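With the numbering used here, the residue at position 59 of the sequence shown is 59, and numbering never jumps.
Note that these hints are calculated values from the structure, not bench results. It is possible that part of the hints are untrue.
[Stated by the list, open to error] As a list, the in silico DSS-like pairs of lysine-lysine whose alpha-carbon atoms are at most 30 angstroms apart:
hint, residue 1, residue 2
1, K39, K157
2, K41, K157
3, K113, K60
4, K12, K81
5, K113, K77
6, K113, K142
7, K24, K81
8, K112, K39
9, K113, K42
10, K113, K157
11, K112, K77
12, K34, K144
13, K112, K144
14, K12, K77
15, K144, K77
16, K81, K41
17, K39, K77
18, K34, K142
19, K142, K77
20, K41, K60
21, K12, K142
22, K39, K113
23, K113, K24
24, K144, K157
25, K152, K81
26, K60, K142
27, K112, K157
28, K112, K24
29, K112, K142
30, K112, K12
The model shown is predicted, which means the values in this text are computed figures rather than measured ones.
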Amino acid sequence: MDTQELLASLEKDARRISNNDIMKARSFMLNYVKFLPEKYKKAYSTELFSYYYETFMEIKGLRSNPAIEEIDAETYKELIKNYEQQVSEDPLETYFQRFMNVVTPYLIFITKKPLHPVGMILPGGMTIMELNGEYYCPIKNKQKEVDIALCKYCICKDNEEVAKTDGVCGKSFRY
1 MDTQELLASL EKDARRISNN DIMKARSFML NYVKFLPEKY KKAYSTELFS YYYETFMEIK
61 GLRSNPAIEE IDAETYKELI KNYEQQVSED PLETYFQRFM NVVTPYLIFI TKKPLHPVGM
121 ILPGGMTIME LNGEYYCPIK NKQKEVDIAL CKYCICKDNE EVAKTDGVCG KSFRY
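Based on the provided sequences and hints, a complete structural model is requested.
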């Protein structure tokens with residue numbers, strides 16, 4: 001599969017998701033974060049969902065084709081399998097998963113953007129950052145052992161890689 005084929009499939013899937021489905025996906029996310037501390041609740045329920053929604057709308061509104069590149073079939077299959085393993089009793093999660101099955105592959109394989117928006121606060125008060133066209137995440141390497149984490153597919157590099165290249169790690173990542 002190449003990026004053009006994937007994008008055609010994602011556009012088709014996006015057209016099958018109604019505004020009502022998106023509202024249910026949003027409801028799932030609001031329920032999912034309701035016990036988080038307030039600053040993280042806002043980051044995940046508002047900033048993150050807005051990022052996903054804007055990405056979703058970008059997919060629905062595309063009128064151009066991306067540069068054609070081959071997609072690693074094993075990585076794509078592993079990503080889809082990862083989603084299929086995340087089963088919940090919450091009926092709203094089905095809507096969230098359908099929504100994310102469109103957004104996530106687009107971010108990973110088409111636009112090569114982070115799975116969390118730049119500037120979003122993460123546990124520990126650190127944020128996703130862009131520096132010289134590269135994306136960095138303070139928790140990327142900490143999520144390697146978490147089977148359901150999608151971090152291994154994300155374009156972000158770990159913050160430690162910034163420290164190795166130009167020594168700005170501790171300063172630029174905190175608000």
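Hints versus structure:
no.: 1; hint: K39 - K157; in the structure: 24 angstroms, holds
no.: 2; hint: K41 - K157; in the structure: 24 angstroms, holds
no.: 3; hint: K113 - K60; in the structure: 17 angstroms, holds
no.: 4; hint: K12 - K81; in the structure: 20 angstroms, holds
no.: 5; hint: K113 - K77; in the structure: 19 angstroms, holds
no.: 6; hint: K113 - K142; in the structure: 19 angstroms, holds
no.: 7; hint: K24 - K81; in the structure: 23 angstroms, holds
no.: 8; hint: K112 - K39; in the structure: 27 angstroms, holds
no.: 9; hint: K113 - K42; in the structure: 21 angstroms, holds
no.: 10; hint: K113 - K157; in the structure: 11 angstroms, holds
no.: 11; hint: K112 - K77; in the structure: 17 angstroms, holds
no.: 12; hint: K34 - K144; in the structure: 26 angstroms, holds
no.: 13; hint: K112 - K144; in the structure: 19 angstroms, holds
no.: 14; hint: K12 - K77; in the structure: 19 angstroms, holds
no.: 15; hint: K144 - K77; in the structure: 18 angstroms, holds
no.: 16; hint: K81 - K41; in the structure: 28 angstroms, holds
no.: 17; hint: K39 - K77; in the structure: 35 angstroms, violated
no.: 18; hint: K34 - K142; in the structure: 24 angstroms, holds
no.: 19; hint: K142 - K77; in the structure: 23 angstroms, holds
no.: 20; hint: K41 - K60; in the structure: 28 angstroms, holds
no.: 21; hint: K12 - K142; in the structure: 35 angstroms, violated
no.: 22; hint: K39 - K113; in the structure: 24 angstroms, holds
no.: 23; hint: K113 - K24; in the structure: 25 angstroms, holds
no.: 24; hint: K144 - K157; in the structure: 12 angstroms, holds
no.: 25; hint: K152 - K81; in the structure: 14 angstroms, holds
no.: 26; hint: K60 - K142; in the structure: 34 angstroms, violated
no.: 27; hint: K112 - K157; in the structure: 12 angstroms, holds
no.: 28; hint: K112 - K24; in the structure: 27 angstroms, holds
no.: 29; hint: K112 - K142; in the structure: 21 angstroms, holds
no.: 30; hint: K112 - K12; in the structure: 20 angstroms, holds
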